[in-house]
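So in my numbering, spot 151 of the sequence shown is number 153, and the numbers just go up one at a time.
Quick caveat, the hints were computed from the structure, so don't treat them as lab data.
C-beta: ideal position from N, C-alpha, C; glycine also.
Some hints here could point you the wrong way.
Distance condition first, Cα-Cα at most 35 Å in a straight line; then the derived DSBU-like pairs of lysine-lysine [claimed, not checked]:
| hint | residue 1 | residue 2 |
| --- | --- | --- |
| 1 | Lys151 | Lys179 |
| 2 | Lys179 | Lys159 |
| 3 | Lys90 | Lys100 |
| 4 | Lys18 | Lys95 |
| 5 | Lys95 | Lys50 |
Here are the in silico distance ranges between beta carbons for each label pair [claimed, not checked]:
| hint | residue 1 | residue 2 | range |
| --- | --- | --- | --- |
| 6 | Ala59 | Glu83 | 49 to 57 Å |
| 7 | Gly180 | Ser145 | 16 to 24 Å |
| 8 | Ile47 | Lys100 | 49 to 57 Å |
| 9 | Arg78 | Glu39 | 46 to 54 Å |
| 10 | Ser12 | Ala59 | 43 to 51 Å |
| 11 | Lys100 | Arg78 | 14 to 22 Å |
| 12 | Ser145 | Glu83 | 57 to 65 Å |
| 13 | Val32 | Ala135 | 31 to 39 Å |
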Amino acid sequence: MNEFTVPVHSTRTLVKAGFIALLVAILLLVTCILPAEYNIDPTGIGEKLGLTAIAQASEKSPTLVINRGQQTDVFRSDSVEIVIPAGKGLEYKLYMEKYAHVAYEWQTDGEALYFDFHGEPAGDTTGYFESFAITTSNNMKGSLTAPFKGAHGWYWKNQGQKAITVTLTMQGYYTIKG
3 MNEFTVPVHS
13 TRTLVKAGFI
23 ALLVAILLLV
33 TCILPAEYNI
43 DPTGIGEKLG
53 LTAIAQASEK
63 SPTLVINRGQ
73 QTDVFRSDSV
83 EIVIPAGKGL
93 EYKLYMEKYA
103 HVAYEWQTDG
113 EALYFDFHGE
123 PAGDTTGYFE
133 SFAITTSNNM
143 KGSLTAPFKG
153 AHGWYWKNQG
163 QKAITVTLTM
173 QGYYTIKG
């Protein structure tokens, strides 16, 4: 059989270990924590270690920068019904300034449509466009902050045998191109 003997430390050893731990904690508090957290450096070691820079950085309030486009349009709210003929596709576009915002929701009268939600930069002659969502669905709800000035909108394709009506509601800063 194996016997284990666990050494029992004396009270003197425990007090000595506790006192050493307290001294280490005080040393760390004065040399590291106070300079880094509160910019208090009584020994000067915190500055030499670069810890006071941490506290100075946290004392400065952050500067919030929000890019806003030139809002030449007024805030508007529109709702439109668009009929997509059977076997055909149709585009509906909004003209938006850079960083202009629009919230939208559309739904069909039942059947799902293939769609491409995209944008085309103003003045571009290469045919470039950026797609934001491409899928097949019978509804979608979301918002867009225009990454560039130009036309932004939806292309719906009805692959079914009967016409489908899309009800589109929008709120934001835009001009309807149709």
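Hint by hint, here is what the structure shows:
1. Lys151 <-> Lys179: OK: Lys151 and Lys179 at ~14 Å, within 35 Å.
2. Lys179 <-> Lys159: holds (19 Å)
3. Lys90 <-> Lys100: holds (31 Å)
4. Lys18 <-> Lys95: violated (79 Å)
5. Lys95 <-> Lys50: Not satisfied, since the Cα-Cα distance of roughly 60 Å exceeds 35 Å.
6. Ala59 <-> Glu83: 49 to 57 Å: This hint holds: roughly 55 Å between Cβ atoms.
7. Gly180 <-> Ser145: 16 to 24 Å: Holds: the Cβ-Cβ distance is about 21 Å, inside 16 to 24 Å.
8. Ile47 <-> Lys100: 49 to 57 Å: Holds: the Cβ-Cβ distance is about 50 Å, inside 49 to 57 Å.
9. Arg78 <-> Glu39: 46 to 54 Å: holds (50 Å)
10. Ser12 <-> Ala59: 43 to 51 Å: With Cβ atoms ~48 Å apart, the hint holds.
11. Lys100 <-> Arg78: 14 to 22 Å: Holds - the Cβ-Cβ distance for Lys100 and Arg78, about 18 Å, lies within 14 to 22 Å.
12. Ser145 <-> Glu83: 57 to 65 Å: violated (21 Å)
13. Val32 <-> Ala135: 31 to 39 Å: Cβ of Val32 to Cβ of Ala135: about 57 Å, so the range 31 to 39 Å is violated.
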